[in-house]
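Asks: Hey, can you work out the whole structure from these sequences and the hints?
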Amino acid sequence: MPISDYFIKFSQDVTTITLPKRFTYPFCYEPHQLAEVASSQLQSYLRKNAPMMGNLGEMPEGKMYGVLVVKNQHGKLGFLAAYSGKEQTQSSSLKFVPQAFDLDDHKNFYLAESKVVNDINEQVKALESAALYRELSADLTNAQHAYQQQVSEKQAAMVLLKKHRKSERNKALQTLSNEEYLALDKRLSGQSIEQKKQLLALKSRLKQGIEKADSALTLYEAKITKLKKQRKKLSNRLQKQLFNEYQFFNAKGEIRNLNEIFSGVGEFPPAGTGDCAAPKLLQFAYKHDLTPITMAEFWWGQSPKSQIRQHQKYYPACQSKCGPLLGHMLTGLQLDDNPLLINTGENKTIDVLYEDEHLAVINKPEGLLSVPGKLVNDSVLSRMKTQYPEATGPLIVHRLDMSTSGLMVIALTPRANKGLQQQFISREVTKHYVALIEGHVNEEQGEITLPLRQDLDDRPRQRVCFEHGKSSLTKWQLIKHESKFSRLLLEPKTGRTHQLRMHCAHRLGLNMPIVGDDLYGTKANRLCLHAKTLSFVHPINKDVLTFRVEPNF
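With the UniProt record's numbering, the residue at position 375 of the sequence shown is 375, and numbering never jumps.
Hints in this document: simulated from the structure, not taken from any laboratory. Please note that a few of the clues may not be correct.
To be verified - Distance windows between CB atoms, simulated: (1) Lys-480 - His-311: 50 to 60 Å; (2) Lys-348 - Phe-109: 54 to 64 Å; (3) Lys-166 - Ile-540: 38 to 48 Å; (4) Val-544 - Glu-153: 29 to 39 Å.
As the list claims (entries may be wrong) - DSSO-like cross-link-like pairs, simulated, lysine-lysine; straight-line CA separation at most 27 Å: (5) Lys-542 - Lys-484; (6) Lys-212 - Lys-233; (7) Lys-240 - Lys-115; (8) Lys-115 - Lys-125; (9) Lys-207 - Lys-223; (10) Lys-418 - Lys-542; (11) Lys-212 - Lys-229; (12) Lys-48 - Lys-226; (13) Lys-470 - Lys-532; (14) Lys-163 - Lys-125; (15) Lys-226 - Lys-196; (16) Lys-287 - Lys-86; (17) Lys-9 - Lys-21.
Glycine included, each C-beta is placed from N, C-alpha and C at the ideal position.
Replies: Next comes the structure, spelled out in structure tokens:
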């Protein structure tokens with residue numbers, strides 16, 4: 001297929017738009033105007049060619065699309081389009097760039113190796129679904145149940161007999177001579193010893209039954225385990241072979257495969273690496289002598305259940321798959337500065353609202369880290385060390401996100417830290433936040449209980465996970481509607497990372513991100529989230545302390 005089929009001309013005049021001086025930093029950016037025009041043109045195409053997209057409620061789960069504005073060999077400006085994933089979606093009017101790695105060109109080794117792996121899969125499935133497996137599992141369960149039941153019954157009977165012997169001894173003391181009593185006692189003691197021997201014999205016999213059933217099941221499961229280990233070894237070898245074939249260029253013309261790229265960071269490439277929109281676009285541009293100018297990625301369609309992806313919103317490249325890969329592919333391009341290197345809290349001051357010899361309560365400004373980050377050292381912790389050089393406590397008891405402003409308590413002594421930490425752990429500390437969210441809520445109040453866990457493919461974002469996520473609870477109350485927004489009072493009953501931001505933005509929560517949320521919504525001057533109220537018991541004098549600070553938004 002000719003390269004010109006993939007080079008999409010702008011449908012509107014873009015000659016008045018100034019070209020960017022440097023290429024987009026893909027992990028944190030605001031799209032350049034050219035990328036926005038290209039995205040709008042692609043979205044118009046998607047809207048016309050997928051009628052169901054007109055009603056967001058009827059949309060299928062969406063996907064990430066990307067545009068890369070390029071210059072061709074003749075200096076003409078246009079753009080390329082791609083989407084994340086392996087499935088092929090093409091039409092006669094618009095061509096998405098192909099996969100960076102064409103599996104059809106390597107069918108021989110892939111199909112041969114895959115057949116072996118698939119055969120093992122079938123063997124594992126057959127063993128796991130076999131009637132014999134169920135019978136062996138049932139035998140072990142029955143043997144364990146028999147042990148519990150029969151031993152419990154025997155022990156209960158022994159308790160009754162012991163009570164009966166005690167009663168006989170008590171009566172004998174009143175009626176029998178000493179010699180007769182000793183004879184009775186010896187006989188009753190013999191009965192006790194005999195019953196204990198019977199119990200031990202019963203346990204031994206039943207344990208043998210358990211061991212026999214367990215041994216048979218273990219031998220059977222060992223076959224499954226052996227096959228699974230073999231499958232894993234073959235799968236890893238096949239994956240490594242595939243990743244050797246995933247060859248990626250950079251702007252200098254250097255070529256490295258995925259195994260080489262990820263070996264530099266000490267990791268194995270995650271599944272799906274190289275199939276995201278950004279590397280597809282850059283790979284196609286490099287291979288066909290197109291000059292990258294700027295790029296952007298946006299979500300089109302219904303948000304997935306786990307992540308927060310909003311229709312038509314722009315998103316940065318993911319870290320786990322694209323971090324090391326784009327690090328290689330962008331070598332040789334002049335990039336925009338990494339916004340994460342900028343200390344947004346540098347010129348902002350911390351207000352101390354209360355202090356004594358044990359603790360302090362502060363109002364943290366938005367943009368300042370609670371603790372030093374990988375790239376920025378300035379933080380509440382570093383400043384508190386300077387402000388309280390004689391403090392012996394660890395200082396930080398709890399944290400606020402960098403973008404969140406509001407109240408924090410600082411422990412100046414180990415004793416205060418221990419007492420405060422215990423209150424946070426037992427959820428005795430009361431916290432209320434004010435948030436401005438995008439849209440109008442229909443109810444006056446409610447609760448959100450979405451379990452959260454870290455998104456391992458896209459740190460530091462979180463995701464909803466009903467299988468492995470940690471339980472979380474947020475109570476909310478409407479303060480008032482403001483123009484297109486709602487001002488809420490939020491009370492987190494748990495303290496999960498990004499809990500309030502996720503519970504507001506996720507479609508199973510309020511489905512309305514907090515204004516200015518650059519991770520789960522749309523970036524603005526600031527994240528409109530503020531820790532307004534903090535109430536706790538003084539860990540030393542036991543006074544109840546309550547602090548309130550209004551937000552500046």
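Asks: Hint by hint, note whether the structure agrees.
Replies: Each hint, compared with the structure:
1. As the Cβ distance of Lys-480 to His-311 is approximately 27 Å, the hint placing it in 50 to 60 Å is violated.
2. The beta-carbon spacing between Lys-348 and Phe-109, approximately 58 Å, falls within the hinted interval of 54 to 64 Å.
3. Between Lys-166 and Ile-540 the CB atoms are about 56 Å apart, so this pair departs from the stated range of 38 to 48 Å.
4. Separation of Val-544 from Glu-153 is about 56 Å and departs from the stated range, judged on CB atoms against 29 to 39 Å.
5. Among the hinted pairs, Lys-542 with Lys-484 is inconsistent with the structure: their alpha-carbon atoms are about 44 Å apart, more than 27 Å.
6. At most 27 Å may separate the alpha-carbon atoms for a hinted pair to count; Lys-212 and Lys-233 exceed this at roughly 32 Å.
7. For the given pair, Lys-240 sits about 16 Å from Lys-115 by alpha-carbon distance, which is consistent with the 27 Å threshold.
8. With a CA separation close to 15 Å, the supplied pair Lys-115 and Lys-125 stays within the 27 Å bound.
9. Among the hinted pairs, Lys-207 with Lys-223 is consistent with the structure: their alpha-carbon atoms are about 24 Å apart, no more than 27 Å.
10. Restraint check for Lys-418 and Lys-542: the C-alpha separation of about 14 Å stays at or below 27 Å, so the hint holds.
11. Note on Lys-212 and Lys-229: the hinted pairing holds, with a Cα-Cα distance of about 25 Å set against a maximum of 27 Å.
12. Of the supplied pair hints, the one linking Lys-48 and Lys-226 is violated, its CA atoms being roughly 53 Å apart against a limit of 27 Å.
13. About 25 Å separates the Cα atoms of Lys-470 and Lys-532, which keeps this hinted pair within 27 Å; it holds.
14. The straight-line distance between the Cα atoms of Lys-163 and Lys-125 is roughly 55 Å, outside the 27 Å bound, and the hint therefore fails.
15. Only pairs whose Cα atoms come within 27 Å are accepted, and Lys-226 paired with Lys-196 is rejected, the gap being roughly 43 Å.
16. The hinted pair formed by Lys-287 and Lys-86 meets the criterion: a straight-line CA distance of about 19 Å does not exceed 27 Å.
17. Only pairs whose Cα atoms come within 27 Å are accepted, and Lys-9 paired with Lys-21 is accepted, the gap being roughly 21 Å.
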